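*Asks:* These are the residues of each chain, in order.
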Amino acid sequence: MRTLLLLLVFLTGCGEVWNDPYPVADRGKNVLYSVFAERPKHLDPAQSYTSDEAVFTRQVYEPPLQYHYLKRPYELIPLTAAEIPVPRLVEKSGITYSVYDIRIKPGIKYQPHPGFIAENLSLKKQIIEDLQSPYDLPLGTRELTADDYVYQIKRLAHPQLHSPIFGLMAEYIVGLREYAGRLQKAARPGQWLDLREHPLEGVERVDAQTYRITLKGRYPQFVYWLAMPFFAPMPWEADRFFQQAGMLQKNFTLDWWPVGTGPYMLSRNDPNARMVLERNPNFRGEAYPSEGEAGDAQRGLLADAGKTMPFIDRAVYTREKESIPLWNKFLQGYYDLSGIASDSFDQAVRVSVEGEATLSPEMEARGIRLDTSIAPTIFYLGANWLDPVIGGVSGGDSAERARKLRQALAIAVDWEEYLSIFANGRGVPSHSPVAPGIFGYRDGAEGLNPLTHAWKDGKAQRRPIEAAKQLLAEAGYPDGRDAKTGQPLVLYLDSTSRGPGDKAVVDWWRKQFAKLSVQFEPRQTDWNRFQEKLRKGSTQLFIVGWSADYPDPENFMFLLHGAQSRAKTQGENASNYLNPEFDALFERMRNMPSGPERQKIIDRMTDIFRRDAPWIGGFHPKNFALFHSWLGNAKANEMSDNKLKYLRVDAAKREALRREWNQPVLWPSVLLFLLLMLSIVPAVISYKKREQMAARTVS
Amino acid sequence: MFAYIVRRILYAIPILVGVNLITFALFFIVNTPDDMARMQLGAKRVTPEAIEKWKAERGYDLPLVWNASAEGSAKATGTIFFQKSVRLFVFDFGFSEDKRDIAGEIRARMWPSLALALPVFLVGLAVCITFALLMAFFRASYLDFWGVVACVAMMSISTLFYIIGGQYLASKIWHLVPISGYAGGLDAVRFLILPVVIGVVGGIGASSRWYRTLFLEEMGKDYVRTARAKGLTEGVVLFRHVLKNAMIPILTGVVVVIPTLFLGSLLMESFFGIPGLGSYTIDAIQAQDFSVVRSMVFIGSVFYIVGLILTDISYTVVDPRIRLE
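Protein sequences, first through last, are from chains A and B. Each residue of the first sequence is one higher than the one before, counting from 1 in my numbering. Each residue of the second sequence is one higher than the one before, counting from 1 in my numbering.
Keep in mind that the hints were calculated from the coordinates and are not lab data. Heads up, a few of these hints could be off.
With a straight-line Cα cutoff of 30 Å, these simulated DSSO-like cross-link-like pairs (lysine-lysine) come out [as the list claims (entries may be wrong)]:
| no. | chain 1 | residue 1 | chain 2 | residue 2 |
| --- | --- | --- | --- | --- |
| 1 | A | Lys185 | B | Lys244 |
| 2 | B | Lys244 | A | Lys29 |
| 3 | A | Lys568 | A | Lys216 |
| 4 | B | Lys99 | B | Lys55 |
| 5 | A | Lys533 | A | Lys511 |
| 6 | B | Lys84 | A | Lys185 |
| 7 | B | Lys172 | A | Lys653 |
| 8 | B | Lys44 | A | Lys185 |
| 9 | A | Lys216 | B | Lys44 |
| 10 | A | Lys503 | B | Lys55 |
| 11 | A | Lys533 | B | Lys55 |
| 12 | A | Lys568 | A | Lys533 |
| 13 | A | Lys404 | A | Lys250 |
| 14 | A | Lys635 | B | Lys44 |
| 15 | B | Lys172 | A | Lys622 |
| 16 | A | Lys404 | A | Lys469 |
| 17 | B | Lys244 | A | Lys689 |
Only some residues are given here: those of chain B computed to face chain A with a beta carbon under 7 Å [what the hints assert, rightly or not]:
| no. | residue |
| --- | --- |
| 18 | Leu41 |
| 19 | Asp101 |
| 20 | Leu143 |
| 21 | Leu176 |
| 22 | Ile179 |
| 23 | Gly181 |
| 24 | Ala227 |
| 25 | Phe271 |
Keep in mind that this is a model prediction, so the values were computed, not measured. Positions of the beta carbon are idealized from the N, C-alpha and C atoms, including for glycine.
All chains, full assembly: derive it from the sequences and hints.
*Replies:* Next up, the structure:
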């Protein structure tokens, strides 16, 4: 016992921490520690599309372009490209084509990879079976060429890959749809399909450093796609390497082991526990930006201007499915950055009466920094345009009635209250389809929706419910009853909220409709049936969201484009909204460069949208990120995920603070142990007494 | 006994077919192949052509259980049910819907699950039996009374409370062990201490009460009185005679669990970040991954049948009067 106590006192005196989840050998190293919640499904650049996957893929793959890390609004800059490509317009047989010549920088090399060693492209099955990792084989590299970009674009049409953007790109890239058909015929089960042998009309190599993409018509937003991994280079050798027999059975695929020219390479892929990115030894180096938005210099974000990136040697991502351990490990210093879950919000953040979020004293005492940003995302309450009560109802008097009904609901549904109750105020009510920070968005008084809000005392205030009741009466439903039949108006909201925790949300919705004496019926269903209803156009009201692919108003306004109707064309217009004037303006706006004329059209589209109210309000979520004091250059960036190369870690400071925050507290354990021992004593005494007791006569 | 085991294994085949059929029916009542394709292909920019291609590539374009357009035996074999089920019986699980080797995944996840479940099982069994024997020994005393009160209190508390409370005290406040995580080899010990302790403590209430009842029933029998009359100490009476004779009901509940230890614990593994099999099935259900769901249900059924056979065999070990014929 005494030895145990002495040992405990000795260990405590050493200042050693016991709850460090990382190996002792890693202490003080230049490593970033972060988390992931969902296992990535795809790491192949032809397939990967989600933000969970982008955390890894964006550090490995290098498309020709990227977003400026610091500047706002978001700005495209070259990554591997020598410059931002400007399309040439070519007329052929009365058809306009946009031709992009993309020139890449010379001297860029791939990460070490076994595919670049010729012998590794014809491995014996036994060797593959014995491999623990593809990196156990001899590794090689080579220089990036334009052919690799061409190869990857061809992969978007590969019959065995299901690239989510194939459908969209087939509309633009010349010959891509036909190319997919040819590949389908050429593909043989179990055999590698060498895409080099199959030319694609719209994508060609110009020289070793230049490739050309030809698009049908104009598509100015195409450059944004060039900043996504779909258009990152893929060396044919890597594709060939992973197509060898036996590789799939070992989970050795491009979908599991990405290959790129980026600053990091995935050295460990265990999506159940840990993903590790190591510095790519062949990375050419890239200069940290020397310009940013106002205030960046004061926040120390330009201190590394011009220095060669990346700064961190390794990034360890641990899978945390539950928010409680994640949050506590962040507070203990074992994660360098974190978001804020709802149940930790009050501990981390104080929201002032004006709605300004600041850190709690506990967080400030730890030197934690808070950064907020509004996501280029919108969640909205959609009204199905095909619905006979609340939809477009094909013109005339009934269309006007339905419009007024939607406008009345748009006033009654208090999104400010929704955000306050259910999102800790993390979001801003939407006044237009375009999210803040995107061209076309208007802020302040000129940006508010005059049908639902008024500008008073320097801020937007929701119109009184009387205004909504007036509109409802004009719609033919005074006091929530049909003026002709006297029947109560019943509206149905389809949602996937079915858990016990969702009852509060459903009650809140009921309250919103009750303000207008309108009966509310939630139709709660599972995700599959909900999606099916949207596809069939059989919903009435529903809530969905959209996260932008790129920072352009076209990527929001197209959600209301008639040609994108979900029920008619399986497009992204979930409310099936149809307004010929809006559609015509959209067609003009989509191909225009951002400027005053485009803004004017967007303003007009926004006015139409507000008047028609196919979306009965919504909100743009606000993301809160917390950074420990030892993490440098951290700035929220909603468009770009290749942030790892910009970050810097002060490992010595982290180590010192971890020690300070995590000293073991031993006395409760010792006390518990003693109490347990003490509780055993009477039992032992009683046992001995019984053993020595003489026989008794039971009366 | 050999004939008995062979017979039980043969009985298992129709059971497994039935389990497979029920799993299939339940899964496809809720999900259609189209739903599965949409889930795998993502929520954005999914085209009907991509869905059809996905289904054709994985055999989900076939009819579910009866192929009316086929000829002969192909009417039954040219179906999703047959194509996806038949290989299970030779333990060929194939690939998940996102093309990962299921057998490899199970092999990798099985050991962390076992590293947690086995100590919880063994230590828990020892602690619960000892505690129950002590309560039985001190029956009708204040120790027995408070022991039962403690058991009722402990079994009334949710496992989640033990987990969150344990993490809060041991990791957050006292900083004694990592709050979550896992490592291979001996380093796993420091990650497993807390979940094992919580697993054991969380199971004491219900198991100890159950065992106490068994022991008290045994202690009222004639052979116990005879043993005491012979002058044996109470310890010997309890551990050598009562425990042995109470083994049949204990084994009924315990042995059947042993093979399923591989399958892990959903809650413990999620909260402690242990990369085991506990959440594999749940994740697969959420991801509408039928290949993984059917494989895991099949393995669970096989383990359960093995557990029942082992239970029967264990009866013959602890009670020589029992013969398996």
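*Asks:* Hints numbered earlier in the text: which of these fail when held up against the supplied structure?
*Replies:* Numbers 1, 2, 10, 13 and 24, in rising order.
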